[in-house]
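Asks: Here is how the chains run, residue by residue.
Number of protein chains: 2
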Amino acid sequence: MPQKRYLLTPGPTPVPPEVLAAMAEPVTHHRSPDFKDVFTEALARLKQVFRTENDVLVFTASGTGAFESAVVNLLSPGERVLVVSHGEFGTRWQKLATAFGCDVVPLNYEWGEQPRAEDVARVLAESRAKVALLVHSETSTGVVSDIRALVAACNDAGALSVVDAISSLGAVPLETDGWGIDVVVTGSQKALMTPPGLAFAAISERAWARTAQATLPRFYWDWARARTNQEKGSTPFTPATSTVVALNVALRLILADGLESVYARHVALGRACRAGARAMGLELYSPDDDGAAVLTGILTPPGIDAVALRLALRDRYGITIAGGHGDLTGRLFRIGHIGYVDIFDITTALGAVELELVERGATVERGAAVAAALAAYESGT
Amino acid sequence: MPQKRYLLTPGPTPVPPEVLAAMAEPVTHHRSPDFKDVFTEALARLKQVFRTENDVLVFTASGTGAFESAVVNLLSPGERVLVVSHGEFGTRWQKLATAFGCDVVPLNYEWGEQPRAEDVARVLAESRAKVALLVHSETSTGVVSDIRALVAACNDAGALSVVDAISSLGAVPLETDGWGIDVVVTGSQKALMTPPGLAFAAISERAWARTAQATLPRFYWDWARARTNQEKGSTPFTPATSTVVALNVALRLILADGLESVYARHVALGRACRAGARAMGLELYSPDDDGAAVLTGILTPPGIDAVALRLALRDRYGITIAGGHGDLTGRLFRIGHIGYVDIFDITTALGAVELELVERGATVERGAAVAAALAAYESGT
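From first to last, the protein sequence lines are chains A and B. Quick note: the first sequence uses my numbering, first residue 1, plus one each step. Quick note: the second sequence uses my numbering, first residue 1, plus one each step.
Taking CB as the label site, the calculated pair distances span:
1. B/Arg227 with A/Lys36: 32 to 40 Å
2. B/Glu260 with A/Pro26: 27 to 35 Å
3. A/Asp327 with B/Glu41: 30 to 38 Å
4. B/Arg206 with A/Pro302: 48 to 56 Å
5. A/His325 with B/Ala21: 30 to 38 Å
6. A/Met1 with B/Ala21: 14 to 22 Å
7. B/Leu259 with A/Arg128: 52 to 60 Å
8. A/Thr215 with B/Ala21: 40 to 48 Å
9. A/Arg128 with B/Gly326: 46 to 54 Å
10. A/Thr228 with B/Asp305: 23 to 31 Å
11. A/Thr228 with B/Arg206: 33 to 41 Å
12. A/Glu175 with B/Lys36: 32 to 40 Å
13. A/Glu88 with B/Gly178: 38 to 46 Å
These aren't lab readings, by the way, just hints derived from the structure by calculation. A quick note: this is a predicted structure, and the numbers were derived from the prediction, not measured. Every residue, glycine too, gets a C-beta built ideally from N, C-alpha and C.
Same shape as in the complex, but just chain A:
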């Protein structure tokens, strides 16, 4: 029997069979009515998932590409921009904005910390930056920011907010319009349960107004060109048509479930995963907090190498989870639970972690993790 595969990383995430089947449909031409119908429907569904009336632009790119589009459409060379970092992705956006010659005002926290609205307010006041780049779910640590409060600080200061919601959108609540977020960026391969290859940016009227004065050069990422085409049900350049067709199916599934139900499932899966980790006596690295429902970061007991554990899960059981970084490479592993993940994916991962911990000499009560996870899930749903 071929080894079964379990994908439990915070992206790419597992994709439902209906969505995979859509990937295999014959290719349609991007200017054909067949495609336009699907594209138009997907755009309307995206607005619902983004909780916005704003335009949501579609790029054939990774999430980083759509985030780059925000930088080059909103900023000019030398212009000041606040970039908040509390992990790998905030640091990436600092490097990106620096690469484009922006005057980056960094607001840095230790990895694993929560950014604070009062710091954002203070640094915006001091720096007079008029654009802020923020991370909603910091995938490297599992911290989900209080993005509503951070955005409110931006709005109070008259600064535009650009939010990396790549691993959060569709997993945890995010109200683009309700919270007054100017730009929200995400990708297809996270909670949207679609293969990678598409990325999205929802853009407020205030952000649109700013694009006219932003002088960074742009062509592929040009928002105005994309909007003009999308108004006609099209794209300026050949899009990843098959992935759009698949996305449309995934969005239908998400909306049929209902966003509130989807958010509740992520909370319940996070609780289950944390309960399982605790039952094995493991220390949590990501917050023990219902808001942090994208992934669970767990530390191995001292003396047990997280890299070896992760590779054993992969090679012996076909289970792919994510690793750590920097000083924590040897201790941290991350179990993603966004998108098409159910409680038995969590218990599968926990069961395999238990097997490997015991194998490596850790003292673990056998069966406790799965039992605790199931109990936590049951009480949470």
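Position chain B against the provided structure of chain A, taking the given hints into account.
Replies: Same frame as chain A, now just chain B:
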């Protein structure tokens, strides 16, 4: 019965069932060995199809994105660049380079003309531009340039050549190394028989050397970052994994067939399509030339609207072909024959064109087009 669909545009092109099936495989993690094996194999196969020992970089993007990567990695603001245009795509690259603040030296031909090496040599000598952007197959007209001669003129002048081979690579001969081309760009959705979503750039050592001095800002398109990752079997940002898996299957099919055989098939299909058009008494717009094997551009008889003809093919028979542009919108239609197209796709398109021409009052010898196409194909293979 649902209406069958026939996709006969010069991109996106039809995709073989094995390749579509690969699109539907469960998603793998882009840092997993499962994916790395496929990616590494696909990179090696790409080099064979590009006929190069150079690095071939993979971008999750449309072809325009990979072409933009060449501009931002090779040029600096205000720098002079020759951009040859003999159709829609050459004009697009002029706009792109202008958007990035380059000093564009245009060398423009009428749409449908062949660019001439002596003109390239003269304009390079006059302008002293050190980079030239060229189009191999001009999809808007069906003209395939004598890119070998154009590149030789660049090399003689000491200018780097960047070639848009988006609709030509894998359809007509192109020798990246043999002809000394510095940068060759293509996309997945043309002769490579894969859905859209990936684009590629093959980069010579001379081009690599130039990137160090090119100061246009870049992050997502940064070649150095991409190369560093590809050397480890990876990509800097989450790639369109499913499309890479599909591409790998398509490249295997192409190489199993053999590039010479693939090129010969395109020549034969082009001959068949032209013979069919002539048998209906139609005037060819694209060159009547074995080198122009990507698509056949055909003019309707005076008084018969090409747009209406094309829409009738689409709506009555499920056949998607491409239209014309500008002054020729009412007369020109284009039948693509790159990638996964066989002679019966061509006779299907010709048969439907015949039906619609007769319906619209044209004098057409019934059955002549299909018979002529089959005869031309038979004698050409």
